[in-house]
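Taking the hints into account, I'd like the entire structure generated from these sequences.
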Amino acid sequence: MLERLYRSLYRIRRLEEAFARVYPTDKIKSPIHLSIGQEAVSVGVCAALRLDDVVFGTYRGHALYLAKGGDMKAMAAELYGKATGCTRGKGGSMHLISTEVGMMGASAVVGTTIANAVGYAYALQYQGRDALVASFFGDGGSEEGVFAESLNFAALKCLPILFICENNGYAIHTSQERRQGRPDICARARAYGIPAERIEHNDVLYLFERTRTVAAKIRAGGGPHFFEVMTYRWREHVGPNNDFHLGYRTEDEATPWIEADQVTRLGAMLLPERREQIQEEVEAEVEAALVFAEESPEPEPAELYTDVL
Amino acid sequence: MPPSVIRASAKRPTRATPSERTLSYVDAIREATDQEMARDPSVLVFGLDVDDPKAIQGTTRGLLEKYGPSRVFGTPLSEDAMTGTAIGMALAGLRPIHVHIRMDFLMLAMNQLINVAAKSRYMYGGKVSIPLVVRSMIGKSWGQGAQHSQGLYSFFMHVPGLQVVAPTTPYDAKGCLIAAIRDDNPVLYVEHRILHFQNGPVPAHTYTVTPGRARITAVGQDVTLVGISQMQSECLKARLYLEEIGIQAEVIDPIWLSPLDIDTIVRSVEKTGRLLVVDNGWVCCGAAAEIIAQVAERLQGHCSFRMRRMGFAPVTCPTAPSLERLYYPDSRTIAAAARDLVEGTKTGWMPRERSELNSFIFKGPF
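Chains as they are written, first to last, in the numbering used here: chain A, 1 to 309; chain B, 1 to 366.
Hints may contain errors.
Unchecked claim - Pairs of lysine to aspartate or glutamate residues, derived as DMTMM-like cross-links and limited to a Cα-Cα distance of at most 20 Å, are as follows:
(1) 29/A with 3/A
(2) 157/A with 51/B
(3) 157/A with 49/B
(4) 73/A with 285/A
(5) 271/B with 343/B
(6) 271/B with 243/B
(7) 157/A with 52/B
(8) 29/A with 236/A
(9) 73/A with 294/A
If you are wondering where the hints come from, they were derived from the structure by calculation, not from laboratory data.
Dropping the structure here:
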């Protein structure tokens with residue numbers, strides 16, 4: 001399992017770093033909201049899910065898409081605006097989807113997919129399936145009305161859903177303290193009768209274990225559960241660079257998060273030769289994905305009018 | 001409704017099966033829902049109060065008992081999340097019908113309707129579809145006022161990925177609802193509270209009224225009246241006033257506003273040379289504006305025609321009956337406008353009111 005977690009983390013990190021490198025060339029025709037620093041949240045949860053479990057995410061969704069098993073080449077091609085992209089050049093970086101692996105979509109409007117996740121969970125319950133839904137959103141999403149409405153309905157119907165609030169402390173450049181009268185998101189979940197726990201330090205192993213335990217409870221009909229996972233975005237809100245020069249946060253604030261980097265941490269737990277082998281394989285995979293994206297054709301003009309209705 | 005009007009609207013359905021059975025608009029909706037739920041276990045109906053004793057004016061009556069609370073349920077007062085929930089259900093293969101007792105409440109659901117329901121199929125490259133029906137009702141009279149009377153369907157006509165239907169007869173109420181439920185994409189199904197009281201022939205079997213096909217509800221050669229939603233009834237009555245002065249109006253019910261059957265309207269205008277579109281909403285950027293623009297684009301250069309839009313007064317709907325009367329077009333003001341179009345001048349004519357045409361008087365509360 002350690003190797004699996006490490007590979008998953010490393011794939012996301014290296015692909016996004018590659019995107020960041022390529023970005024100044026303008027080959028990527030899509031805004032990128034990098035997950036770098038936050039990979040552990042998607043990886044820890046998804047590693048404990050089954051293929052038939054489904055996830056819904058946000059515009060910062062590269063990590064979730066890959067962690068749930070989405071195809072790397074199709075994702076890279078999507079960012080390059082190519083016909084071979086996971087939405088054939090229709091959705092871009094912010095609307096990744098891979099229905100085959102249960103990645104059911106992501107929204108560029110904050111909080112929006114929380115309700116879609118709840119509806120999917122209702123359908124699972126109605127259809128008598130024992131799969132579950134994991135709904136990912138940010139600390140900003142917890143301020144939207146749809147958050148409160150969705151949690152209420154999930155609790156009311158005892159739905160098979162795990163809410164994961166990926167708390168990176170900022171909505172774009174505004175800190176949580178400046179937006180929330182009581183910055184305790186778990187308390188709001190509990191107010192709806194949903195058991196909630198805060199998971200500190202972006203800890204991928206603990207998150208994996210907790211998800212495994214909680215998922216079993218949810219499958220057994222225990223109803224919704226809520227994680228607030230503390231994490232940190234290393235790069236700027238959108239784009240490939242750092243943004244400490246903007247002054248809304250300091251490098252000192254980032255330091256402990258970078259020191260506790262989960263990619264490095266898990267890598268150190270592997271035998272060096274195994275780690276290097278995984279790294280080599282991932283580097284080749286990333287390279288192949290970028291080549292695939294670059295060499296893929298653009299969508300045909302007729303594609304403009306397909307799949308409207 | 002006077003019998004003559006009922007006949008005028010009921011005899012014409014282009015693809016209707018003759019039926020002696022008469023049903024109300026409300027019962028037609030209930031029957032369509034019932035039959036589709038019986039046929040397909042993936043069909044669910046929910047919304048505020050769908051399972052309460054009044055059962056959405058009766059349109060959901062008996063469904064809870066028959067299909068149980070997992071398929072028929074009232075929801076928390078959470079239009080935004082419940083619309084998102086409906087979309088999530090649709091993604092998982094269900095066919096939800098989400099009911100709103102007033103169209104005004106859809107404003108709470110716009111993000112999900114416009115940003116998710118309309119776009120998912122396209123922005124996910126055809127990987128998903130959203131078979132969602134959103135029923136909503138436009139209110140009128142008896143103090144419905146500012147926030148219970150709006151006909152906001154043009155908002156939805158504007159957006160690719162949504163279909164909009166506003167049936168005006170019990171026959172179409174049933175056939176359009178079945179078509180909407182079976183459609184793989186989202187459909188805004190627009191009811192009008194006054195139309196709920198209509199009775200008309202409705203076949204007992206299931207049938208669909210095809211999206212994108214209008215119906216000529218009365219044939220004439222002097223002027224084309226296009227009446228949307230409840231304004232269809234007013235147009236049919238206006239036609240009777242116009243008959244008194246020898247003007248033969250052709251009346252068209254678009255039924256589906258998106259996709260819109262512009263061909264049928266264009267053919268009629270080619271014949272009559274005059275087009276009056278009466279909307280059940282404001283005229284600015286409305287359905288009437290769209291219809292006239294499309295006809296003008298089609299006919300410019302080879303057929304000139306006179307045109308006019310009518311709709312709500314460009315104000316917020318007042319509640320005092322004396323003001324409200326001035327707010328809505330009615331059969332007499334429509335007839336007057338139509339005559340002016342035909343004669344090409346402001347005649348100042350207003351038909352004397354025929355009380356038998358106003359036999360239907362609704363008394364609240366809704």
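Against the structure, the hints:
This hinted pair does not check out: residue 29/A and residue 3/A have alpha carbons roughly 33 Å apart, beyond 20 Å. Between residue 157/A and residue 51/B, the direct Cα distance comes to roughly 16 Å. Compliance with the 20 Å bound is thereby established for this hinted pair. A C-alpha spacing of about 17 Å is found between residue 157/A and residue 49/B, which places the hinted pair at or below 20 Å, so the restraint holds. Our distance criterion of 20 Å between C-alpha atoms is met by residue 73/A and residue 285/A, whose separation comes to about 9 Å.
Restraint check for residue 271/B and residue 343/B: satisfied, since their Cα atoms lie roughly 16 Å apart, inside the 20 Å limit. With a CA separation close to 18 Å, the supplied pair residue 271/B and residue 243/B stays within the 20 Å bound. At most 20 Å may separate the alpha-carbon atoms for a hinted pair to count; residue 157/A and residue 52/B meet this at roughly 18 Å. For the hint linking residue 29/A to residue 236/A, the alpha-carbon distance of about 18 Å falls within 20 Å, and the restraint holds.
Taking the CA atoms of residue 73/A and residue 294/A, the gap is near 10 Å; set against the 20 Å cutoff, the hint holds.
Violated hint: 1 only; the structure is consistent with all others.
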